[in-house]
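Generate coordinates for the entire structure from the input sequences, incorporating the hints supplied.
Here the protein sequences line up with chains A and B, keeping their order.
Note that this note's numbering has the first sequence beginning at 6, numbered continuously upward.
Note that this note's numbering has the second sequence beginning at 1063, numbered continuously upward.
Do not take every clue at face value.
[Said to hold, decoys possible] Per the computed footprint, the stretches of chain B lying under chain A, defined by three or more beta-carbons under 8 Å from a beta-carbon of chain A, are:
#, segment
1, 1140 to 1146
2, 1234 to 1247
3, 1379 to 1386
No wet-lab data here; the hints were simulated from the structure.
For each residue, glycine too, the CB sits at the ideal point set by N, CA and C.
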Amino acid sequence: MSEKIRYGFYSGCCFQGADARFFDILREVFAKVDVELDLIEDAVCCGSGVIEERSELTSLAVNAKNMAHAEQMGLPLYTPCSTCYNVISNAQKRMKEDPAVHAQVNEILAEQGLEYKGTCKLTHTLWVFAQDVGLDKLKERVTNPLTGLRVASYYGCHTRNPADIQGYESADNPTSLEDILEVLGVEIVEYDTKDDCCGYHLAWPNNDLNMKMTSNVLEGAHTKDVDLMVTSCPLCFKSMDGTQAKALAQTGKNFQLPVLFLPELVGLACGMTSEDMMLKYHGVPVNLRL
Amino acid sequence: MIEKITPVRKSILANIRIQRFTPSEHKSAYFDNFKVSVETGMTVLEALRLIKNTQDSSLTFRAFCRSKICGSCAVRVNGKPVLACSTQLMPILEDFKKDSVSIQPLKNMPVLRDLVVDIEPVIEKLSKMHPYLMENRERIPETLEEESIMSKQEHSRFDYITDCILCGSCYSACSAASADPTYAGPLTLGKAYRFSADVRDSFQGERMQAAVDQGLWSCAQCRKCINVCPKDTRPAVSIQRMRKMSIDDGIHDTAGSRRAKAYTGDVAKYGQVNKPMLPVIVNGPKGWAAIEAAENYLKKHGIEPTLQVCTLGGQSSTQKIYDKVKELESKGENKT
Ligand code: SF4
Ligand code: SF4
Ligand code: FES
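The structure is reproduced here in structure tokens:
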């Protein structure tokens, strides 16, 4: 039995409603590669970059709190959500660059007996698989290579921008997602709209624009005749899968492109079934010839 | 100990793919390939000049200062907007592990010829943002002898964005600007914030209205503009701050401002955003239709819908953070 890799699991806000299934899916898929998630019990929502529109200090303080709990657990903070990753990493950077802000945040946290030391390491699904687990081990665990599947890979924006929120790989030419996909056996297809934003965070302030942006990205992949799109971001997944029908209808397009959240595809390649991955809950039906 | 550093000089025979287009001659853009021996230290601009001087004198691009200050030389290299004069080719070839690189004009602006785009439409959007100071009588002294002095902290609210050289890189990277031609874009909203955040300014209301009208809430906060800006002016951060100002002035009630209030309030209350109720909170009574649709979707899949927010464990202690921040902010003691 090999050593388990453990993380402080920061769950974020995205797995509510039908998406609550992803809690179980993530744990089961990670178990396949000897990863264990310990929930950070006292966490709060990162604010999604929206709390800054009311108070930057509040956002910094709640995210310092989240990191402080991970520090107490002595584990790296893992979040499956790219936006959480972005916001928390940004808070970390801001406090590192400005010691006065860091001190003030700790003054706020002191009231609940917490301190954010600044040592917390942050990571995301991409780098858990590609670096901590490693491609070799992942390859070992792939029992059902997805050969012949034509896949459009989609990172989304929040693990990439700006460049200094992560130190895991090149920001201009990231390859972690494609590296993982290659190990799963799929054929990776290049497409023009890969670097474009799906507009998820406009869902409330400007839904029409969100739909246009989502539709643009989907169309770019669709014209390359792919079987499916895979994204490492659960919010992009919501846009691409959950709102796909609406986005395409509103922009006068007529096709269906199945979209998978990266852990789902990893699970399938590691021998789990469509039922295990609860694919029936997808907005766009996923009928893979596995 | 003094270490002697010997710079490693490398050279790669690279294929430079350049997008070409003359509107009066071509139906659509195409690529030309040029072989260039790329040396360590060679900039994109030097490569373009070399090609123009030795291989194809018709190649058209724009550059002036060669010092990252005039903003005229921005192009896309392997898809990313950069300043040609301050970007070296070798690290890009190494990063992409290829001996080929593409150079294209900026996106989201009409191409005049080859790598030259027309930035005028963007400047027009900028001019509608009232990008100038209207004097604030309370901060501008009566006599010429006195200076209008601002504190370091006041200055730091906008100092970082005064470096913008209007190169258009951020505008090119912005997917919201691609999808919505009426959206003002990052640099224009950044500039609007720069003037609105200046304590010497008194024009806030009209400029704010211009920002709201031109898409203050159309930014997706993808943060690509921060990534590509050669001057580190962080437009997306300015947009967040401009949004805050627009909410604080109490006039601009928008779906975006309602979302901001809801998220902020919810996190204090539940430790979590109240997603099930968000449609009604943001869109009023017509949001019930969306909630109903979501419930039907869940029922169809055998899940019992609930309007209960799923709280997070930190819920009980969050209010303390809010109270403390409020106290600091009300005394003007916050360091952010
Ligand atoms: S953060 Fe906003 S302004 Fe900047 S590129 Fe993204 S959508 Fe455009
Ligand atoms: S904000 Fe930065 S990228 Fe945008 S125009 Fe100004 S200098 Fe260029
Ligand atoms: S030539 Fe002036 S900024 Fe590049």
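Which numbered hints fail: none
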